[in-house]
Amino acid sequence: MRTATIHPLVADYRHRLRRAARALPRARRTELVAEIEAHLEEALPPDPTEIEVRNMLERLGEPEEIVAAEDPDIAPAAARARAGSLEWFAIVLLLVGGLVVPVLGWGVGVVLLWSSRVWTRREKLIGTFVPPGGLSLVVLALVLGVGVSSETCSGGGGSGGQTTEQCTGGMSTPLQVVFVVLLVAGLVLPFVTATYLGRRAQRAR
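Counting in our numbering, the final residue of the sequence shown is number 206, and the numbers go up one at a time with none missing.
If you're looking for bench data, these hints aren't it; they were derived computationally from the structure. C-beta atoms are modelled at their ideal positions from N, C-alpha and C, and glycine is treated no differently. Please note that the accuracy of each hint is not assured.
Computed beta-carbon distance windows for the label pairs [stated by the list, open to error]:
#, residue 1, residue 2, range
1, V182, V144, 52 to 58 angstroms
2, T174, R17, 52 to 58 angstroms
3, W115, L145, 25 to 31 angstroms
4, V144, L105, 16 to 22 angstroms
5, P26, T129, 36 to 42 angstroms
6, L87, I52, 52 to 58 angstroms
7, L87, G62, 26 to 32 angstroms
8, L105, F192, 20 to 26 angstroms
9, L126, I52, 29 to 35 angstroms
10, I52, Y197, 26 to 32 angstroms
11, W115, V182, 28 to 34 angstroms
Using the sequences and the hints, build the whole thing.
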């Protein structure tokens with residue numbers, strides 16, 4: 002750009018546009034930046050005054066708004082609805098709702114999550130599936146794990162009058178390691194997701 006690079010306000014606008022457009026696919030990002038730069042070069046005179054530059058940039062709109070028009074899911078927090086008590090209630094239900102009222106409690110949290118305008122579609126998908134059920138999934142895993150790992154032992158007579166004990170069932174050592182890893186992940190991930198949604202909601206405030 003010959004004209005746009007002269008004035009600091011235009012240079013700052015281009016920088017903000019490039020930064021805001023990082024969330025777009027590369028091809029669309031390059032195309033969008035090129036379109037805006039070409040428009041600025043055509044609309045501004047070779048030696049624009051500050052008033053002319055400000056008027057032109059005001060007509061274009063904020064870079065974040067231009068990018069948000071390309072993809073509403075990456076709209077900046079300032080352009081979203083404000084977070085309220087329902088959003089925080091949704092986070093609590095997603096975390097422990099399934100423990101209070103099995104399945105239904107977590108399901109209500111999901112409904113509140115998707116009915117909110119604070120979070121984007123990507124954030125709602127994370128809140129729903131990482132992990133589904135919240136902490137109730139850990140309780141279910143513990144119940145199933147105890148059932149699978151339980152052993153049944155019975156005694157019997159051996160040679161020389163010695164009594165032997167035979168046990169069946171139970172998990173092998175590799176399965177026990179996998180179970181513990183999954184259990185820890187199921188315990189940590191709900192808190193990570195709740196924290197993530199909470200921070201995104203705070204940004205929307």
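Each hint tested on the structure:
1. V182 <-> V144: 52 to 58 angstroms: violated, 18 angstroms
2. T174 <-> R17: 52 to 58 angstroms: holds, 56 angstroms
3. W115 <-> L145: 25 to 31 angstroms: Distance hint for W115, L145 holds at roughly 29 angstroms.
4. V144 <-> L105: 16 to 22 angstroms: Since the Cβ atoms of V144 and L105 sit about 18 angstroms apart, the hinted range of 16 to 22 angstroms holds.
5. P26 <-> T129: 36 to 42 angstroms: violated, 24 angstroms
6. L87 <-> I52: 52 to 58 angstroms: violated, 45 angstroms
7. L87 <-> G62: 26 to 32 angstroms: 30 angstroms Cβ-Cβ, so the 26 to 32 angstroms window holds.
8. L105 <-> F192: 20 to 26 angstroms: At roughly 22 angstroms between Cβ atoms, F192 and L105 fall inside 20 to 26 angstroms, so the hint holds.
9. L126 <-> I52: 29 to 35 angstroms: Cβ of L126 to Cβ of I52: about 46 angstroms, so the range 29 to 35 angstroms is violated.
10. I52 <-> Y197: 26 to 32 angstroms: violated, 44 angstroms
11. W115 <-> V182: 28 to 34 angstroms: holds, 30 angstroms
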